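Model the full structure from these sequences, guided by the hints.
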Amino acid sequence: MKYKRILSVLLWSFLIIGEVVLGQEKIKNKWYLELEPLQFANNGWSVVGHYAIHNQLHIGSNLFASTLSEGLNDWVWNTNGKISLQAQQKIGVNVSIRYFFKAHPNPKGWLVSLPLGWERWTLTDLEVAESQDYRFWYLSPRIGYLWFPFTKARFYLIGEAIAILPIQTNGVLSYSNGNINIRSLIPFPSVGLGISF
1 MKYKRILSVL
11 LWSFLIIGEV
21 VLGQEKIKNK
31 WYLELEPLQF
41 ANNGWSVVGH
51 YAIHNQLHIG
61 SNLFASTLSE
71 GLNDWVWNTN
81 GKISLQAQQK
91 IGVNVSIRYF
101 FKAHPNPKGW
111 LVSLPLGWER
121 WTLTDLEVAE
131 SQDYRFWYLS
141 PRIGYLWFPF
151 TKARFYLIGE
161 AIAILPIQTN
171 GVLSYSNGNI
181 NIRSLIPFPS
191 VGLGISF
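Residue numbering for the sequence shown is 1 to 197, as defined by our numbering.
Accuracy of the hints is not assured; some may be wrong.
Said to hold, decoys possible - Only pairs whose alpha carbons sit at most 27 Å apart, straight line, appear in this in silico DSSO-like list of lysine-lysine:
#, residue 1, residue 2
1, 82, 30
2, 28, 108
3, 30, 102
4, 28, 152
5, 82, 28
6, 102, 28
7, 30, 108
8, 30, 152
Unchecked claim - Each pair of labels, with its calculated beta carbon distance range:
#, residue 1, residue 2, range
9, 179, 35, 32 to 38 Å
10, 170, 28, 41 to 47 Å
11, 80, 31, 43 to 49 Å
12, 110, 132, 37 to 43 Å
13, 161, 132, 28 to 34 Å
14, 41, 90, 17 to 23 Å
15, 80, 150, 49 to 55 Å
16, 84, 110, 19 to 25 Å
17, 131, 72, 33 to 39 Å
18, 145, 170, 33 to 39 Å
19, 104, 132, 44 to 50 Å
20, 43, 133, 17 to 23 Å
Think of the hints as simulated: they come from the structure by calculation, not from any bench. Bear in mind that the values here come from a model prediction, so they are computed numbers and not experimental data. A virtual CB, placed ideally from N, CA and C, is assigned to each residue, including glycine.
Structure (structure tokens):
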């Protein structure tokens, strides 16, 4: 698919540019792999991977899916009319740059990151069993903190404050009971459990 090729080219470009321009400083663990429990709580899954190209700079990718609980629908979607919404995220993918404020052989502490991503949803009005696909591209600026709770262990926790800013969307979807579109700003928290190696 076209979007997979674009994301793949971006990811490899970040890796090559980082290796050539920044060079490789001594880094204990170059790979970071994370799971996001909040996605699993929403009947979904999420896998995040990052590679340290510098002791302050990572590039990475995230693959995920979930089903929003009814209480979270209004957080993400604007609905007009009498729609009983079920929002199922079929797939989401992003590539990101993660920058740590302090240099360290095993990057940790305060960080900022900027993923560029794409998501595909199925939005269903349960009252009339009417479904449509909704797809969008987004930027997602974040600030967070990565913490190794044990001195010699490779396990870590990461918490982030996230903003999702849709940049290209399907617009408004029309249903027999009303219409749906995505909000222009979606803030939410994220917690990750990870291991570095």
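How the hints compare with the structure:
no.	hint	verdict
1	82 with 30	violated, 50 Å
2	28 with 108	holds, 12 Å
3	30 with 102	holds, 16 Å
4	28 with 152	holds, 11 Å
5	82 with 28	violated, 55 Å
6	102 with 28	holds, 15 Å
7	30 with 108	holds, 12 Å
8	30 with 152	holds, 16 Å
9	179 with 35: 32 to 38 Å	holds, 35 Å
10	170 with 28: 41 to 47 Å	holds, 44 Å
11	80 with 31: 43 to 49 Å	holds, 46 Å
12	110 with 132: 37 to 43 Å	holds, 41 Å
13	161 with 132: 28 to 34 Å	holds, 31 Å
14	41 with 90: 17 to 23 Å	holds, 18 Å
15	80 with 150: 49 to 55 Å	holds, 50 Å
16	84 with 110: 19 to 25 Å	violated, 42 Å
17	131 with 72: 33 to 39 Å	violated, 19 Å
18	145 with 170: 33 to 39 Å	holds, 35 Å
19	104 with 132: 44 to 50 Å	holds, 47 Å
20	43 with 133: 17 to 23 Å	holds, 19 Å
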